[in-house]
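Undergrad: What follows is the residue order along each chain.
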Amino acid sequence: MGKHVLLVEDELNIIEAIRFLLTREGFQVDTHSNGTDASETVRALKPDLVVLDVMLPGKSGFDILEELRGHEQTADLPVLMLTARGQSRDREMAEKAGVSRFMTKPFSNAEVLTAVRDLLYVHQKKG
Amino acid sequence: MTSVNILIAVCLAYVSILFLVAFIAERAGTQGRGDWLLRSPLVYTLSLSIYCTAWTFYGAVGNAARSGLEYVTIYLGPSLVILGWWWILRRLVRIGRSHKVTSIADLISSRFGKSNTLAIVVTIMAVITVTPYIALQLQSVTLSLSFFAAAEQGVDVSTIDAEAAAFWIAVGLAVFTVLFGTRNLNVNERHHGVVIAVAVEAVVKLLALLAVGFFVVWGLAGGISETLARIDASDLGRWQTDSSRWATLTFLSAAAFLCLPRMFQVMIVENDDERHLQIASWAFPLYLMLMSLFVVPIAVIGLDVLPEGSNPDLFVLSLPLSEGREGLAMLSFLGGFSSATSMVIVATLALSTMVSNHLVMPVFLYRHRDGASQSGDVRETVILARRLSIMGIISLGYVYYKMSGGSGALTAIGLISFAGVAQFLPAMIGGILWRGATRYGALSGLIIGFVLWVFTMLLPSFGPGAVLSAETFETGLLGLGLLRPQALFGIEGLDPMVHAVFWSLLLNVSAFVAVSLFTFPNPMERLQGAQFVNVFEHSGQARGWNASVAESEDLMIMAQRILGAQEARHLFASQARAQGLTGSLPEPTPDFLQRLERELAGSVGAATAHAMISQIVGGTSVSVHDLMAVADESAQMLEYSSKLEAQSRELSQTAAQLREANTKLVQLSAQKDEFLSQISHELRTPMTSIRSFSEILRDTKGMGPIEKAKYANIIHVEAIRLTRLLNDLLDLSVLENGQVTLNKQTGTLSELLDRALATAQASSSRDLKINRRHVNETIMLDTDLDRLSQVFINLITNAQKYCAAPHPELTIEVNDLGGVISIDFLDNGLGIPKDARELLFEKFSRIGAQDSNGAGLGLAICREIMSRLGGDITYLAQAKGTAFRVVLPQSKALAAQ
Chain A
1 MGKHVLLVED ELNIIEAIRF LLTREGFQVD THSNGTDASE TVRALKPDLV VLDVMLPGKS
61 GFDILEELRG HEQTADLPVL MLTARGQSRD REMAEKAGVS RFMTKPFSNA EVLTAVRDLL
121 YVHQKKG
Chain B
1 MTSVNILIAV CLAYVSILFL VAFIAERAGT QGRGDWLLRS PLVYTLSLSI YCTAWTFYGA
61 VGNAARSGLE YVTIYLGPSL VILGWWWILR RLVRIGRSHK VTSIADLISS RFGKSNTLAI
121 VVTIMAVITV TPYIALQLQS VTLSLSFFAA AEQGVDVSTI DAEAAAFWIA VGLAVFTVLF
181 GTRNLNVNER HHGVVIAVAV EAVVKLLALL AVGFFVVWGL AGGISETLAR IDASDLGRWQ
241 TDSSRWATLT FLSAAAFLCL PRMFQVMIVE NDDERHLQIA SWAFPLYLML MSLFVVPIAV
301 IGLDVLPEGS NPDLFVLSLP LSEGREGLAM LSFLGGFSSA TSMVIVATLA LSTMVSNHLV
361 MPVFLYRHRD GASQSGDVRE TVILARRLSI MGIISLGYVY YKMSGGSGAL TAIGLISFAG
421 VAQFLPAMIG GILWRGATRY GALSGLIIGF VLWVFTMLLP SFGPGAVLSA ETFETGLLGL
481 GLLRPQALFG IEGLDPMVHA VFWSLLLNVS AFVAVSLFTF PNPMERLQGA QFVNVFEHSG
541 QARGWNASVA ESEDLMIMAQ RILGAQEARH LFASQARAQG LTGSLPEPTP DFLQRLEREL
601 AGSVGAATAH AMISQIVGGT SVSVHDLMAV ADESAQMLEY SSKLEAQSRE LSQTAAQLRE
661 ANTKLVQLSA QKDEFLSQIS HELRTPMTSI RSFSEILRDT KGMGPIEKAK YANIIHVEAI
721 RLTRLLNDLL DLSVLENGQV TLNKQTGTLS ELLDRALATA QASSSRDLKI NRRHVNETIM
781 LDTDLDRLSQ VFINLITNAQ KYCAAPHPEL TIEVNDLGGV ISIDFLDNGL GIPKDARELL
841 FEKFSRIGAQ DSNGAGLGLA ICREIMSRLG GDITYLAQAK GTAFRVVLPQ SKALAAQ
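Residue numbers (UniProt numbering), protein chains in the order written: chain A, 1 to 127; chain B, 1 to 897.
Only chain B is shown next, with the shape it has when bound in the complex:
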């Protein structure tokens, strides 16, 4: 018979080996060696197996013996999560890494604006919900030890005084955890030693269970087919399966897998590489499958072989022992011990981190505001706080064990924990998927869910009369029938576990969603919420400063460069005031640094600002990643701004063109109206005289022949005027439309002027003296001589009509200006008033309307003709009288000889 003393010695030896492994791993880790193993997906997957505690090691068989296949749900939930919710896990891991999350309390508080209240609530809830679970480990180790003791003394297990054993086991576990978990202070660093020890324990518990399984199938039953036959013959398959219980259990184990503090610790905090999740997503379900492989055979054979009344939770131990296989029993015991210790270590480690970070440290820092800058003090305090919390948590587990009488089935106790941690699920999943979730929503959901869990599950677990009186179970809290702990709101007949989970989670989720919808997140919550929900869009950099070495002056110099001297001084001074300092430089607190980063980001982009501050703060050096982000940002900004510039240039060009076109259209429309009015006037005026006088001639009887002749002549003159007007209009229209064909001829300028003068003088009775210098006029022309002559006639006629001098004279001067020849027509009249000169060549412009014969088209026609001939006609402003200059290009004028 194995004595209990030998068992204890073996345990101590086993623990020493674990210590050694952890120590070597830690050393290798700090020296950067052995990464192939320490940071391997295999170790990560094995560390996830702390999900399988003593509860699964012993309890699965017990559960199978009691309730048939229900135990499968405990394995089903996690498998579904890691296979199907791989994306949620990846999101959690990414958030955990980028925000340096240390625990589930930290995650939830950080998501909801780094709320301290939430951290405290989650921590307290976690401690309370995990306590039964630790008690469970205590109970299983105590149970297995007592079993050996009983076997040694040859008495029944129930006669052994288990309480003293449980106490010493609790002390042992506490010492063990303190030694293991708090050698290394920094919780941000990963516990490579602990993780590798957990992995070793995972292998031990799997081997132990498989060994027992092999022994049972081939040693006791006599092979696979016999085993299957005995399973068929057993009652196991005939157990009633309650579908609501199945669904609830599967859901609970899935939720627990995500929310249990120890699972969060190994899965997220200790994760080295996101890609490990991919391997774990099939390797971990495989591990679970192997763990559950022999559960049914062990349960069935145990029920068959062992005497009636044997505790099915101990079949794993009692079966080998009953056959005298002490070595196997020892291995099995070590498997159970491994399951319990690894769970207790990691769970208390995770909880102590929360307790010290969220409960102890804030209080300590508040009370030692002045001394907190001495880092030595704080380190000591943190370690002490951790160690005390570990002891406190294990003590709580012991107290729960004692209060619950150490008698409950392992599965029932485990489920209480599961349902408790499941209350974190809405806040956690809602927080990382829904930006609208607020801290008040999370807080209300958590508290309501927790209170209901305590009332409907935790307190009843102590049994009627322990905390809740028997009357409360019967008639409800305060005698209110609606508040019966296992039949809330009058809903009866549900399984107590299903009932508790249903109500606590339903009201938890409802409160979370409803309060979130009716409250508004503060800026910090918005910021964090956005970063959590969009964790994959944000860079992997943690946004938070931890700088005590930063020089405010350096920051000031940099800020001045970017924000401008005035703005930077203003910002720094206001921050200093906010910190309660008298100077103009604030302390480089993380808050101030974050504020400064945001300010700088407004000017130079987020990545640049981050890189700049990290350069000065020095805590993190500028990474290539940062620099690439800076380059990217600048390039994008440059491209964008040049694009904008081009667009705005184009727009203003288009606008200018539109304005121009519009102005032109308005002018054209006004011109058209004016032109029509002018034509109308010019046509109607002669027609008026013609009509009037023709009526006079027709209607007046006895008119004398002299009068008759006079009026007939008026009609005649006006008819000619009309004809000429129409000719001019047509002429102008042809010229303007460019439809004119030039009829080129050669001749001398002198001859052309002679002809023009003769024509003009023939149609006017007014005397006009002409001055010419014929010598200069011996120029050969090669152009449309008729058209040119038309221009000359017009100019001469104008002089005849409008020259106001008593003895009108017209001087015609020809000059070679080099490249062009000019022909000037100068009279000795008054000239044309300055304001009228501009419109001189426009249609219908008349200088003084005294003469009724001109329609004002003559000069307009002249201009059109000269432009067709490649020359020009202008008014000479400097001359005394009226003076026009006709210019012809030399090519059109060939010098004679």
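So here's chain A without its partners, still in its complex pose:
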């Protein structure tokens, strides 16, 4: 059974693309498309990794990340953050909030896969 990845993203086409990529590599992928109850969903589904968008309806990715880090269960959960805003300030905010890896859209598929594998591998070794 592959590792469990939760994708929190509101752009349908991007969900489609990432799901395709990760499923093809053998990961088990769930998706969630609004920010309001994202951190509850994470705690409920207990994924091995979260891929998190920044601009989400209801709640921003930064706030969700802070909620995750503030919760015991998800404090160490690897989070890969994706954003289309692309300002350096966003990267700083993400790092401050405790992101595991930060990537700017558009990305190459290979990059995303490498990042996901790295995060899961490092996390596994640590855990």
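Be aware that one or more of the hints could be misleading.
Derived EDC-like pairs: lysine to aspartate or glutamate, alpha-carbon spacing no greater than 16 Å straight-line [said to hold, decoys possible]:
| hint | chain 1 | residue 1 | chain 2 | residue 2 |
| --- | --- | --- | --- | --- |
| 1 | B | K710 | A | E25 |
| 2 | B | K880 | B | D824 |
| 3 | B | K708 | A | E72 |
| 4 | B | K744 | B | D786 |
| 5 | B | K710 | B | E695 |
| 6 | A | K46 | A | E16 |
| 7 | B | K672 | B | D786 |
| 8 | B | K664 | B | E650 |
| 9 | B | K701 | A | E25 |
No lab work stands behind these hints, which were simulated from the structure alone.
This one's a predicted model, so the numbers in the text were calculated from it and none came from an experiment.
Assemble chain B onto chain A, guided by the hints.
TA: Relative to the frame of chain A, chain B by itself:
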């Protein structure tokens, strides 16, 4: 031979004439007549001639016969002062007048905070220093009288018993001065009678000396050329001139001219008009020149003609007498008598003023604290004090005459006085020019200078063995070699006079400056110092109150008006407490009035405060000058405050503008950042899908045709989205920058709506029911129809996309609102949440981000377009669903038919 009795009779007659002149002048003065003479610069200049006493009348010739041209220095000093130091004199006169100064003691004490100690010290010093001078007059009159007596009896002068004569002359002078000087009590008033008598005497002594001179040159020598020849032949020109003595003498006579109490009296206290100084500045040197014109001829001829051993001090008398010119000798005697009496009168007058004001009255007032309010008592006391001091001062002169043996040369005695009064110079000049001078500085300088003068000049003048023992002269005070009276600190070989002046003034000035620098003036000193030093900047008004008639209640009422009731009550009560009174109203003492004036000045300005108090005190009525000052002050204050107000208004306006600009800049900067982030997001999102799926298509082997088609379609849709986004951005940018050119066309609203609906529905698969009332739509439009259509399409498309009703409907309503027409687009959805409405027309604002195709630029573009077309687009809050209203001005819409 003129008998001494006739001489005395002539003197009495002369004095009676002087009395008459003085009496008439005084009467005229009080009646305001004869001002052309009494207050003329001529009389002022002549009165200054009391500088020329018997010492100069007799002594100048004596000095010339003994020491050559040295006598010139005595005339040189005053001439230099009045010509070159005119500005100092003017300053002194202005201070004297504005502060109602009565004497030099008053001036110095007043300058240094009205210090009583200083007044007493200066008074005592003045009495002691002037005493030899009075003795000098006594000696000269005695000498001249004895000379006549000796001539009458045909014996030598030295055999005459001069002491008895001197005593009776002293008594006569005292009576004379008492009668002259104390008829009139008020020293603040000027003594017009005395001044005019002095002026008459000035004329007499000048005429007498000139007459003797003419007689000597033309009667004895036989003309000018012969006189000059005899002068050349004499020893006079060969006298050694000691330059240090010359410089010292010139300086001393200059200092004495300023500091002698009698000079201060006529020059400053009796001055009627500052401008008189200008005339005196050339007329007085001229008078001095005439006085000295025949000094050398008389001395030379006297030495030639008269027997060896004749007293050169008496050449003026003995020369005419030796030739049997008794009338001329009599005139000459009267000249000398005039010189002596005028000096004694004015000098004792000035001194008695100081003594009674600064020594007697303070003691009297202290001992009669309760009775002092009865003015009669005080007037009597003052007159008595004056008369007693006059007698006392002349007695002192007599005692000095007796002690010094009546033998010294006139010049030497005069110089002792000069050096004594010169000690006042540092405190006086320093006081009016230097604000930093303090009372302790003045006091130390005066005392040190005075002590040194006494030790090095006054006491030695009695001769070795009289006061100071001969050993003291030889080995110094207490056997200390450094303290020899004529060789202080081991400096020997100087002329005793130069030595004394040098040391006393050097240490006087040093102490004055050093102590002043190390002490701080008290507030009163500061105030007075500032007024004295800046006398020309201050108004000519005397600042001092003399009010016994002032009503404290009136003052209270006025003060309440200006300071406010509470403050005024507080001030008055505290002052009353300070005065030791139980009530809440203080006595209107000068101090209190001055304090009150200062308080009021803080509120209404100095000139106003002064005018207000003088109105109530009544002592001085408000002058036009005061009122002008009030007006000036108020105008300046008004102008200043309105200027300040304008400035502060301007400043706060600028500050507000700056704040506004700053806020705007911050907002703009945040907007720009946000805008860039938004654009970035809108561009990157479709690009992400495109890149990702293109890679998937490229890299995935064995993909089925259905999947391939699906992914290719996603790429296609996203590429279109990108294109549309770029178009919108460009469109908006063009609209916002106002670079758009409107393409005006005409058409009906109905047709335009038809076209818009067709276009919108073609690009959407979603069903939307449209409700229209075509009747109202028959409106002719004359505007950019394409742009307007763009707005309509946008609104219809939004309804298609976002209307959440199960059976979405859109109602289009057209209304004529009078002046404008409105086109409303209402759907049956949920409407837009209240908090989101504000941002509705902003760029990139999206209500719910579910639909990924809109970048949030549509409504922003609509708003820009409507604003270009002269209309507007708004959200209708009162509608149930989502509702937009497009408004067009009537002018753009022509009614069909």
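Undergrad: Give a verdict on every hint.
TA: Comparing the hints with the structure gives:
1. Taking the CA atoms of B:K710 and A:E25, the gap is about 20 Å. The hint is violated against a cut of 16 Å.
2. Between B:K880 and B:D824 the alpha-carbon distance is near 13 Å, which keeps this suggested pair within the 16 Å criterion.
3. Only pairs whose Cα atoms come within 16 Å are accepted, and B:K708 paired with A:E72 is rejected, the gap being roughly 44 Å.
4. Proximity of B:K744 to B:D786 is assessed by CA-CA distance (about 9 Å); at most 16 Å being required, the pair is judged to hold.
5. Proximity of B:K710 to B:E695 is assessed by CA-CA distance (about 14 Å); at most 16 Å being required, the pair is judged to hold.
6. Between the alpha carbons of A:K46 and A:E16 the distance comes to roughly 22 Å, so the proposed pair goes past 16 Å and is violated.
7. Proximity of B:K672 to B:D786 is assessed by CA-CA distance (about 30 Å); at most 16 Å being required, the pair is judged violated.
8. Of the pairs offered as hints, the one joining B:K664 and B:E650 is violated, with about 21 Å between alpha carbons and a cut-off of 16 Å exceeded.
9. Restraint check: the Cα-Cα separation between B:K701 and A:E25 comes to about 14 Å, which is no more than 16 Å; the hinted pair holds.
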